[in-house]
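Q: Take these sequences, add in the hints, and give me the full structure.
In case you want the letters, here they are:
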Amino acid sequence: MQLEGLSRMTRVEVVTTGQNVALLQGVFKSAGAVGYTAMSSVWGLGHHGVHPGRLAFNERDTQVLIFTVLAEEAAPDLVSAVRHWLSDRPGVMFVSEVYVSRPEYFR
Amino acid sequence: MQGIGLSASTVAAAARARLLIDVESAARLLAPMWPLHSFVAVNPLMGLLELGFEGAVREASRWLPMQGYPSPQFMEEEYHRGRVTDADLLAVLVDRRLDVNQTLPLLHAWLSGPEAIPASGKAGEQVDLARDVGWSYAIDAQLAAFCCAFADEGASTWGLGERSGGLYRCWRAVAAYDPLLRRQLRHRVAHAIAALPADPEEALLNALVRLDISEVHRVAQLRRRVARLPGWVSYAQWRQEWSGPDCASPPLRVVDLLAVQMSYEALLLDPEAMKANAPPISAGSDSVCAAIWLEAYERHYQDDLLAKLPVRQGPEEAKSPQAQIVFCIDARSERLRRHLEATGPYTTFGFAGFFGFPVAVAGMADRYATARCPVLMSPRGVVRERPAAGQERAAAFYLRKRARAAAVHNAWRAGKTVPGSPFVLAEALGWWLLPSASIRTFWPRGARRRGPATVLDSGDAGGLSLHERILFAENALLSMGLVRGFARLVVLCGHTGRTIANPHASALDCGACAGAPGGPSARVAARALNCPAVRTGLAERGVYIPPESWFLAAEHDTTTDTITILDRHLIPDGYAPELRRLESDLAEAGRRCAAERAGALPDIPRRTNSRQLAAHLAKRAADWAQIRPEWGLARNAAFVVGPRSLTFGINLEGRVFMHSYEPVLDADGTILEGILTGPLVVAQWINAQYYFSSVAPEVFGAGDKTLHNPVGGIGVLSGEGRDLKIGLPWQSVAASGELYHEPMRLVVVVQAPLERLDAIMERDSVLRQLVGGRWLYLVARPSRMQAYVWREGTWHSWQPATSTSGRMRAGQE
Chain A
1 MQLEGLSRMT RVEVVTTGQN VALLQGVFKS AGAVGYTAMS SVWGLGHHGV HPGRLAFNER
61 DTQVLIFTVL AEEAAPDLVS AVRHWLSDRP GVMFVSEVYV SRPEYFR
Chain B
108 MQGIGLSAST VAAAARARLL IDVESAARLL APMWPLHSFV AVNPLMGLLE LGFEGAVREA
168 SRWLPMQGYP SPQFMEEEYH RGRVTDADLL AVLVDRRLDV NQTLPLLHAW LSGPEAIPAS
228 GKAGEQVDLA RDVGWSYAID AQLAAFCCAF ADEGASTWGL GERSGGLYRC WRAVAAYDPL
288 LRRQLRHRVA HAIAALPADP EEALLNALVR LDISEVHRVA QLRRRVARLP GWVSYAQWRQ
348 EWSGPDCASP PLRVVDLLAV QMSYEALLLD PEAMKANAPP ISAGSDSVCA AIWLEAYERH
408 YQDDLLAKLP VRQGPEEAKS PQAQIVFCID ARSERLRRHL EATGPYTTFG FAGFFGFPVA
468 VAGMADRYAT ARCPVLMSPR GVVRERPAAG QERAAAFYLR KRARAAAVHN AWRAGKTVPG
528 SPFVLAEALG WWLLPSASIR TFWPRGARRR GPATVLDSGD AGGLSLHERI LFAENALLSM
588 GLVRGFARLV VLCGHTGRTI ANPHASALDC GACAGAPGGP SARVAARALN CPAVRTGLAE
648 RGVYIPPESW FLAAEHDTTT DTITILDRHL IPDGYAPELR RLESDLAEAG RRCAAERAGA
708 LPDIPRRTNS RQLAAHLAKR AADWAQIRPE WGLARNAAFV VGPRSLTFGI NLEGRVFMHS
768 YEPVLDADGT ILEGILTGPL VVAQWINAQY YFSSVAPEVF GAGDKTLHNP VGGIGVLSGE
828 GRDLKIGLPW QSVAASGELY HEPMRLVVVV QAPLERLDAI MERDSVLRQL VGGRWLYLVA
888 RPSRMQAYVW REGTWHSWQP ATSTSGRMRA GQE
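So the sequences go chain by chain: A and B. Read in order, the letters of the first sequence are residues 1 to 107 in my numbering. Read in order, the letters of the second sequence are residues 108 to 920 in my numbering.
Source of the hints: derived by calculation from the structure; they are not laboratory data. Glycine included, each C-beta is placed from N, C-alpha and C at the ideal position. Among the hints, erroneous ones may be present.
As the list claims (entries may be wrong) - Rough simulated footprint, nothing fancy, chain B against chain A, three-plus residues with beta-carbon under 8 Å: (1) 37 to 51; (2) 58 to 66.
Said to hold, decoys possible - Between beta-carbon pairs, the in silico distance windows are: (3) His48/A with Val590/B: 32 to 38 Å; (4) Val98/A with Gly826/B: 54 to 60 Å; (5) Pro103/A with Ser485/B: 29 to 35 Å; (6) Gly159/B with Val98/A: 39 to 45 Å; (7) Pro103/A with Asp319/B: 37 to 43 Å; (8) Arg648/B with His47/A: 33 to 39 Å; (9) Ala119/B with Val42/A: 30 to 36 Å; (10) Arg487/B with Leu45/A: 26 to 32 Å; (11) Leu45/A with Arg648/B: 27 to 33 Å; (12) Gly820/B with His48/A: 35 to 41 Å; (13) Pro817/B with His48/A: 41 to 47 Å.
A: Shown next as structure tokens:
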């Protein structure tokens, strides 16, 4: 993979129920993220069994994947906060290294 | 990615993020409160769902002055009139594997115990008042008054100034003039306010440090403060999480409320005194007895309900119906369905009153569109009302008339609110208003404003694509089990309540339409289902609607039990004979429905004929002094999911939400899953709202209507009370000091195979929490002869309480 000219940053992804998205948006912002992307109605098999992707009359209780990309030095604060939050909430977090072409968009 | 900006702060990002999480954890004690213009019933303890019903009540009782169960006095009265019996108690004790001989005497002793009176005063204050501090009261009164000014939604003519930065920033800008702070800090006030951080999170963190509250105790301390102003915190929860990005109200967040509240404390209180705070209120030790009595009380109703359901083939629904009528699942539809079916060859269905089309609707004269779908969903498009063909001039005239009326109204309102002007206005115009005020008082008459013929078409620009309309139509028809045998007329009947001068008017409207009248949703759905392109798409997906079938919209006025056919101008002439008969039968069904319902209204004149009763109900709906236009959903108790044959011809007393469901159309269970995760959740919220408004009116009820003091379009205060009142007014659940509503958790009866329900329970966490946490009871009827209840993770064959006690007696002999 050609990574020359790209900038290394950190991606933090959280899969949780839709009702938690508003809080996570605030937490991302507070921790220094300048944006996020959310995907609603994601589905799959997890610790608590199968999660349905779409419910006919309820969007709040479906699974949502929300992620943000931020500078490596800002990531520990966010990771720490989300870990604290996950201590008594359903959901999972993935933290990974990513390379972006426009780092200024994420600072 | 969407940029959201980064606010400047000197506080470590991790600390800020953690603070938001702790604030959210603390605020979960309370549910969001929708504003009055779209009052939506919610489970007041929905944030504590994972604790289960009893755990959530216990947790809420630690912080709020409430018991959460029907009182011993209530249960004693119900016991003496046979509404709950020893047989019911025995059945519950057996289910709970408790020793009957030891426990039964304790339960009876509980009835005669002292009434468990919630700690007096305002929520969360007990600790401080007991210590004779009283500061929290003064601080919260000041904060609540500020919140009224901040969030008034433009009702006041003298605004607070810049509010877009949130409550804390707005407060900080004017706090130097705050009378409480000026009185206590005197000449130091300006300096003290200037020293406060500009950022609310930073201010709250500073206050926490100043008050010496460590991270370990932070959630508990925040929760204690949240409990002091449950109304405003609940409104803030709605504003920050549910109101959507287009909401025009000033932004109010829980973190801002706490930042102001704790900044007051940090400025005024001695941290040493705060350290010695007593623990929160302890839950009553007799809550186990109360829980058992409640369960027995519920058990009695459940036995009655299940005994009513047919075990063998009962009277048949009409085979070739003259019309099919789809009503909202709302419990108030049950009576009308039953009486309509008795008047002629009609079949009826139950489906959520937005009829499957999640849209926002803007009336011709509306500046903004309002959502007309359950709050669990987001509108997928905006449908704008437009004049019907040939009605353009009439519509323009109508809009001009409305604009003139609005101008006069605004001028009148401005005249009333300019300082000093009310005195002049009353002198100058008061006499002129006397006749109209007298007429409205003594001879109230309601008149619906009639405008030009219009159309609500979700296919218009801004609405839904053809593909979406086909999908929504298919989903709705499949979910209600109406996919073949269409009659010539298919009526989609929404509902609305009619009342005036009633801040809680929208509580009488349709919950599936986000607390709005259901007529527009019926119009949108009917228009889509009559669209040839939609019908072609449906036919390609296996749902063939014959060309001779016409969908028409109607609206049931639940206050007067009158039914109005909507969009008449769209109905082809060929349907006139059927329509005449249908209207006649709907009117007759409405009269019978009203007569049945009138027996429960406390101030109905006795010995009235149907014409007099209709006149009384119409007068009641138009009476600006009426505190109880109708009972709304009081006494709601059950949710039945199944074909109409399950309930056909049975008097369910207007207490049952009824959702149509045909198990044979749903092999993979997705339709049932949709019902149990959408409409059922809405019904459970309604049920829980009525329950807690009845058993904990001090915290979760809106109090006496005659004392209500509306704040903008948000909520009501009780008299000059400081906090917004949550929940339903006392007159919505009680009359003459006695509860009319029977506080019970919802029992859900589903006609479906057990395996299908098992599969849904396994994959849906919300349903698992509701059933496993005993927020509701789930009863399955895989066949007419069998009923099973879900308890402790598995199905148990349903045994009526009388059979349990009979077996026990036989065992003892």
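Q: Work down the list of hints and note, for each, if the structure agrees.
A: Comparing the hints with the structure gives:
no. : hint                               : verdict
1   : 37 to 51                           : holds (count 5)
2   : 58 to 66                           : holds (count 4)
3   : His48/A with Val590/B: 32 to 38 Å  : holds, 34 Å
4   : Val98/A with Gly826/B: 54 to 60 Å  : holds, 58 Å
5   : Pro103/A with Ser485/B: 29 to 35 Å : holds, 33 Å
6   : Gly159/B with Val98/A: 39 to 45 Å  : holds, 41 Å
7   : Pro103/A with Asp319/B: 37 to 43 Å : holds, 42 Å
8   : Arg648/B with His47/A: 33 to 39 Å  : holds, 36 Å
9   : Ala119/B with Val42/A: 30 to 36 Å  : holds, 32 Å
10  : Arg487/B with Leu45/A: 26 to 32 Å  : holds, 29 Å
11  : Leu45/A with Arg648/B: 27 to 33 Å  : holds, 29 Å
12  : Gly820/B with His48/A: 35 to 41 Å  : holds, 40 Å
13  : Pro817/B with His48/A: 41 to 47 Å  : holds, 43 Å
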